[in-house]
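For the record, the sequence lines run as chains G and Y.
The numbers in our numbering rise by one with no breaks, and the one at position 49 of the first sequence is 49.
Numbers given in our numbering equal positions in the second sequence, counted from 1, plus 86.
Don't take every hint at face value.
Said to hold, decoys possible - With a straight-line cut-off of 30 Å between C-alpha atoms, the simulated DSSO-like cross-links for lysine-lysine are:
1) Y:308 to G:26
2) G:26 to Y:241
3) Y:184 to Y:217
In short, the hints are calculated from the structure, not lab data.
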Amino acid sequence: MKTLRVELVAADRAVWSGEAKMVVAKTVEGEIGLLPGHEPMLAILASGDVRITLPTGEAIKATAAEGFLSVEHDIVTIVARDAQLA
Amino acid sequence: MGAQLRVYRQKIKSAQTTKKITRAMELISASRIYKAQQRLTAASPYSRAITRAVSAVATFSNIDHPLTTEPAEIRRSAVVIFTSDRGLAGAFSTNVLKEAEQLTQLLKDQGKEIVYYLVGRKSVSFFSFRKRAAIRAWTGGTDLPVFTTAEEIAKEVVGLFNTDYSAGGVDEIHLVYNKFISMISQEPQVVRLLPLEVVEGVETPGDSEIFPLYEFEPDASKVLDALLPVYIESRIFNAMLQSAAAEHAARQKAMKSATENADKLIKNYTRLSNSARQSEITQQISEIVGGADALVDTSDKE
Numbered sequence: 001m002k003t004l005r006v007e008l009v010a011a012d013r014a015v016w017s018g019e020a021k022m023v024v025a026k027t028v029e030g031e032i033g034l035l036p037g038h039e040p041m042l043a044i045l046a047s048g049d050v051r052i053t054l055p056t057g058e059a060i061k062a063t064a065a066e067g068f069l070s071v072e073h074d075i076v077t078i079v080a081r082d083a084q085l086a
Numbered sequence: 087m088g089a090q091l092r093v094y095r096q097k098i099k100s101a102q103t104t105k106k107i108t109r110a111m112e113l114i115s116a117s118r119i120y121k122a123q124q125r126l127t128a129a130s131p132y133s134r135a136i137t138r139a140v141s142a143v144a145t146f147s148n149i150d151h152p153l154t155t156e157p158a159e160i161r162r163s164a165v166v167i168f169t170s171d172r173g174l175a176g177a178f179s180t181n182v183l184k185e186a187e188q189l190t191q192l193l194k195d196q197g198k199e200i201v202y203y204l205v206g207r208k209s210v211s212f213f214s215f216r217k218r219a220a221i222r223a224w225t226g227g228t229d230l231p232v233f234t235t236a237e238e239i240a241k242e243v244v245g246l247f248n249t250d251y252s253a254g255g256v257d258e259i260h261l262v263y264n265k266f267i268s269m270i271s272q273e274p275q276v277v278r279l280l281p282l283e284v285v286e287g288v289e290t291p292g293d294s295e296i297f298p299l300y301e302f303e304p305d306a307s308k309v310l311d312a313l314l315p316v317y318i319e320s321r322i323f324n325a326m327l328q329s330a331a332a333e334h335a336a337r338q339k340a341m342k343s344a345t346e347n348a349d350k351l352i353k354n355y356t357r358l359s360n361s362a363r364q365s366e367i368t369q370q371i372s373e374i375v376g377g378a379d380a381l382v383d384t385s386d387k388e
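Next comes chain G alone, as it looks inside the complex (with noise of 0.2 Å):
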């Protein structure tokens, strides 16, 4: 099964990278949910939780602020000047 490579980065450090099965992230004009063979995609972030289902089923949670979502051959990278894992 193809998965993502994810990539959460803050301002000041890598918050977490690895592969996921799905990504779900708020953007400004609402939730979008990512999988696989996703269209390449640029997005203004809200502040909010970011949902990153692994391949093994577990999720991890996190939360971003003011930032911008990127996927582009399934590679997505959440860019946030503030983002931690809950």
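With chain G held as given, fit chain Y onto it using these hints.
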């Protein structure tokens, strides 16, 4: 004790005191380089991710945005100079200021006006000594930069960039800072921040290549509006971190050679003071021997 000897002893003592100070500074800087380097590596994923995102928009969309399009005519440029707060770091600040002077000359030759922003006390004193004006200066904390300062600088320069020329705005922004290459080498860098020039990390797509079509949320221009200030911020913060790491490295190197110099001085003066002491003793012996001889001579005659 002879006067000569006393002078040498004094010089040895002062060299020893200096050595203690330079040695301490060397050790402090050595421990701080490591920390500064760590901060640099910790912040790099962020700037890399932002840079990649900016490149994506710049490469894959053709919207006109004031921050990405080259103005028809550049009449005024802003130059941000990053030096250190304190000296005793070798040619660290001098190198950057020299580079800034060269850039100034180049821009002036192109008929542009220049306005300055200064970071670090050394650049401020350089400018005030030459009675030159700078719009704003940030001093204190160059050896441990914080993100809020980068934010402030970014706000200021982007604000000026978005201002019209007639109202005092600028058309381009340059950064001059020391780049940390390794423990022993730092290089002054001049980077044009705005309008965006070099898009790093993304190969220019060939003509035959099909671009992935980017989707923007909410829309491309809004994304750019939000993204570019953040990008500028992260570039400025990166410059500050680089400069801080380079400052510690330069100081460590300078203080190391100062300590070695003090060692050499101490050795030389010790030699000199030994020979001064020896010649003093020799003189005293010959005086005593001479005196005794004279006494023997006089008693013989009697």
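Practice prompt. Sort out which numbered hints this structure fails and list those numbers smallest first.
Written response: Violated hints: none at all, because every hint is consistent with the structure.
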